[in-house]
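Residue numbers (the working numbering), protein chains in the order written: chain A, 1 to 387; chain B, 1 to 387.
Rather than coming from a laboratory, the hints here were simulated on the basis of the structure.
You may find that some hints are simply not true.
Each pair may be met inside one copy or between any two copies, as identical chains are not told apart.
[Claimed, not checked] Below 30 Å or equal to it, Euclidean Cα-Cα: the simulated DSBU-like pairs (lysine-lysine) are: (1) Lys-229 with Lys-214; (2) Lys-98 with Lys-229; (3) Lys-319 with Lys-334; (4) Lys-207 with Lys-98.
2 protein chains.
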Amino acid sequence: MIRREYLMTPGPTPLPPEVLLTQAEPMMHHRTPEYTELFVQLIANLKEIFLTKNEVLVFSASGTGAMEAAVANCFSPGDSVLVAHGGKFGERFRDIAKSYGLDVVEYAYEWGDVADPEVIGRMLKEKPWIKGVILTHSETSTGAVNDVKSVGEIVRETPAILIVDSISGVGALEMRTDEWGVDVLVCGSQKALMTPPGMAAVAVSPKAWELVEKSSLPKYYFSFSKARKSMSDKSPQTPFTPAVSLTKAMSVGAKLILEEGLENVWKRHQMLAMCTRSAVEALGLRLFTRNLERSYAVTAVNAPPGIDGTKIVRIMNRKHGVILAGGQSQLKGKIFRIGHVGYYSFFDIIVSISALELTLRELGYPVEMGTGVAAAEESYYEYINDK
Amino acid sequence: MIRREYLMTPGPTPLPPEVLLTQAEPMMHHRTPEYTELFVQLIANLKEIFLTKNEVLVFSASGTGAMEAAVANCFSPGDSVLVAHGGKFGERFRDIAKSYGLDVVEYAYEWGDVADPEVIGRMLKEKPWIKGVILTHSETSTGAVNDVKSVGEIVRETPAILIVDSISGVGALEMRTDEWGVDVLVCGSQKALMTPPGMAAVAVSPKAWELVEKSSLPKYYFSFSKARKSMSDKSPQTPFTPAVSLTKAMSVGAKLILEEGLENVWKRHQMLAMCTRSAVEALGLRLFTRNLERSYAVTAVNAPPGIDGTKIVRIMNRKHGVILAGGQSQLKGKIFRIGHVGYYSFFDIIVSISALELTLRELGYPVEMGTGVAAAEESYYEYINDK
Numbered sequence: 001m002i003r004r005e006y007l008m009t010p011g012p013t014p015l016p017p018e019v020l021l022t023q024a025e026p027m028m029h030h031r032t033p034e035y036t037e038l039f040v041q042l043i044a045n046l047k048e049i050f051l052t053k054n055e056v057l058v059f060s061a062s063g064t065g066a067m068e069a070a071v072a073n074c075f076s077p078g079d080s081v082l083v084a085h086g087g088k089f090g091e092r093f094r095d096i097a098k099s100y101g102l103d104v105v106e107y108a109y110e111w112g113d114v115a116d117p118e119v120i121g122r123m124l125k126e127k128p129w130i131k132g133v134i135l136t137h138s139e140t141s142t143g144a145v146n147d148v149k150s151v152g153e154i155v156r157e158t159p160a161i162l163i164v165d166s167i168s169g170v171g172a173l174e175m176r177t178d179e180w181g182v183d184v185l186v187c188g189s190q191k192a193l194m195t196p197p198g199m200a201a202v203a204v205s206p207k208a209w210e211l212v213e214k215s216s217l218p219k220y221y222f223s224f225s226k227a228r229k230s231m232s233d234k235s236p237q238t239p240f241t242p243a244v245s246l247t248k249a250m251s252v253g254a255k256l257i258l259e260e261g262l263e264n265v266w267k268r269h270q271m272l273a274m275c276t277r278s279a280v281e282a283l284g285l286r287l288f289t290r291n292l293e294r295s296y297a298v299t300a301v302n303a304p305p306g307i308d309g310t311k312i313v314r315i316m317n318r319k320h321g322v323i324l325a326g327g328q329s330q331l332k333g334k335i336f337r338i339g340h341v342g343y344y345s346f347f348d349i350i351v352s353i354s355a356l357e358l359t360l361r362e363l364g365y366p367v368e369m370g371t372g373v374a375a376a377e378e379s380y381y382e383y384i385n386d387k
Numbered sequence: 001m002i003r004r005e006y007l008m009t010p011g012p013t014p015l016p017p018e019v020l021l022t023q024a025e026p027m028m029h030h031r032t033p034e035y036t037e038l039f040v041q042l043i044a045n046l047k048e049i050f051l052t053k054n055e056v057l058v059f060s061a062s063g064t065g066a067m068e069a070a071v072a073n074c075f076s077p078g079d080s081v082l083v084a085h086g087g088k089f090g091e092r093f094r095d096i097a098k099s100y101g102l103d104v105v106e107y108a109y110e111w112g113d114v115a116d117p118e119v120i121g122r123m124l125k126e127k128p129w130i131k132g133v134i135l136t137h138s139e140t141s142t143g144a145v146n147d148v149k150s151v152g153e154i155v156r157e158t159p160a161i162l163i164v165d166s167i168s169g170v171g172a173l174e175m176r177t178d179e180w181g182v183d184v185l186v187c188g189s190q191k192a193l194m195t196p197p198g199m200a201a202v203a204v205s206p207k208a209w210e211l212v213e214k215s216s217l218p219k220y221y222f223s224f225s226k227a228r229k230s231m232s233d234k235s236p237q238t239p240f241t242p243a244v245s246l247t248k249a250m251s252v253g254a255k256l257i258l259e260e261g262l263e264n265v266w267k268r269h270q271m272l273a274m275c276t277r278s279a280v281e282a283l284g285l286r287l288f289t290r291n292l293e294r295s296y297a298v299t300a301v302n303a304p305p306g307i308d309g310t311k312i313v314r315i316m317n318r319k320h321g322v323i324l325a326g327g328q329s330q331l332k333g334k335i336f337r338i339g340h341v342g343y344y345s346f347f348d349i350i351v352s353i354s355a356l357e358l359t360l361r362e363l364g365y366p367v368e369m370g371t372g373v374a375a376a377e378e379s380y381y382e383y384i385n386d387k
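Extracted from the complex, chain A is given alone in its bound form (with noise of 0.2 Å):
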């Protein structure tokens, strides 16, 4: 049979036509006034995703390409920081900390579940010389997302900056960078701007370039100072020769949220977690993550009791051509993971609930065929009749 792919992992994401047609445009010059004038409207619509009034800079690199950017910029060597984390995409920011030889203070709550807004404001009263928090938006490796405006009302009251990966959670979850007191924000080309994998974008505040103006960190190809001089010219550009189609495709990709409407996106992303939860639940698979804090970009799901959750990723893509991802670090095996963060409708939840149906019964599940779809299209049928 011929092979059709439905790509469903929580980045790369698959991409809207415009997208990935205006990567096939002939190349052009980033020292022009054509892309000056595309990269000055990027960064304007970024700014409309993000909220932010802040300054937008943008990267050549992937999104843990930002988030060391968001480090070696805002410290200096023994400062202190308080990584609050819980997944695999936490641990990764507090190991870049370590390697920039910052002071890491580490606040280590269970995977699948969320920081604590005050455990974080205790620490900060206890160790007051503490100079940023850094905290996961939206956790990849297990679904939960993480109360930012929260934190974000008690990092504001101290000395420290509040520094958030919100590589999967920008665009697909509400995320009000000026209103919440995100002093960094980093996000990821390859989640909910529909763009590829290969940019990345920081939202810095003034209360963040306080601190990048003292950092004794070294950094060049990720320096916030050498972007933001680079932004200032009377033809503003990256210091460095920018991934030029990966530009346009971002632009592309931006453009499409602000046409659908920011508010709309994440509504769409909500429903698209809200009918993928109904559809496993009616299939009696049980959600990794807690109750109230899940992520509206990928949906967490333990494997049955018996049931290796690496040989129903496998089964997916080898038989049936939907690629989920698996279960990574210390949940190999354990959950398997449905992406829905970007360019995806509801009948894109349809084909991969069905064809988890296939694959479960397959395995020795007891299914009853078309419960797991049943149940997602009582979901959708109630969201759009609501509206």
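Here the structure of chain A is known, so what remains is to put chain B in place on it, guided by the hints.
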């Protein structure tokens, strides 16, 4: 009139349709056997192009990111490095080394000139504690090309490693990484590799790996060790989400080079450079760089006395759609640069020379129409009948 553009800058450069179109293919996930296969083949092809058996690592970043990676991975704070520079990109490497707190011993030669290998040898004798020599192969800002082979012969007899920025060199100019003793070769995607900007590669020798293991400078995204570890996985990978569409593009670009034949690609670049030089000299213009050490990637031409080089570039672009590069930094307005690295044939040179004739006459420089074109044709005729 319809505007048709001809990109004649030394990066980004025009792309073959196969490279453009591969970026428009549906997004694929990077943790799949299909991606691994593509990635493994790309690395193998890059090794053939770099003429190296050393490990080759790729990064989703532009060339500057890989330059920084070379510094951050090979040295420790206070280490002495000798940076030879005579152009914007040599200076960039110096600045990166300084940003990382290295003791930078500068060998500054005039812009347009090249480094004297004997001077490097003498400096290494005087300061035997120097841990690395940093050299620009093809200096894109001046069009000069360094004698990497001779420098390699000297450096290999010392404990120092040789780091070479060959971003606009490799693939266009002879570069024999292993034979010439290049310990860290730095390459970018947007030149001879006929790929959009945003990817970079390094080849790292065993001598360099010894320094990498001792290096205490901070790094994470650009960590050679992390990249090496992911490459030795059962399914070789990059440690962080790669720029998937650019990786695909690069794999097509690399394949095209090997299909044409590496030495044929070098010869084609030599032909493009020779034809360009004949043409501009026939028009009475002076080449900026010295006679014998000119890159085949770019031809730097002095603006005629009394004419601002910036104006030449502007008219070429606005009136004729031919995009050249101007002079950078201290050379602004004094030179203009015709790029011919990557996907160029002889007739691309004809287009730019024709536009140059029209532009020069408009600026009041005496031009007999067709003189430059005729000279290029003579050179080319000789080239194709000499084979």
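Hint-by-hint comparison with the structure:
When the C-alpha separation of Lys-229 and Lys-214 is checked against a cutoff of 30 Å, the pair qualifies only within one copy, where the shortest distance is 16 Å, while the shortest distance between copies is 34 Å. Taking CA atoms no more than 30 Å apart as the test, Lys-98 paired with Lys-229 passes in both settings, with 28 Å inside one copy and 19 Å between copies. For a Cα distance limit of 30 Å, the shortest separation of Lys-319 from Lys-334 inside one copy, 21 Å, qualifies, whereas the shortest one across copies, 63 Å, does not. Taking identical chains as interchangeable, the C-alpha atoms of Lys-207 and Lys-98 lie at most 30 Å apart whether they share a chain (23 Å) or sit on different chains (27 Å).
This entry satisfies every hint, going by the numbered hints stated previously.
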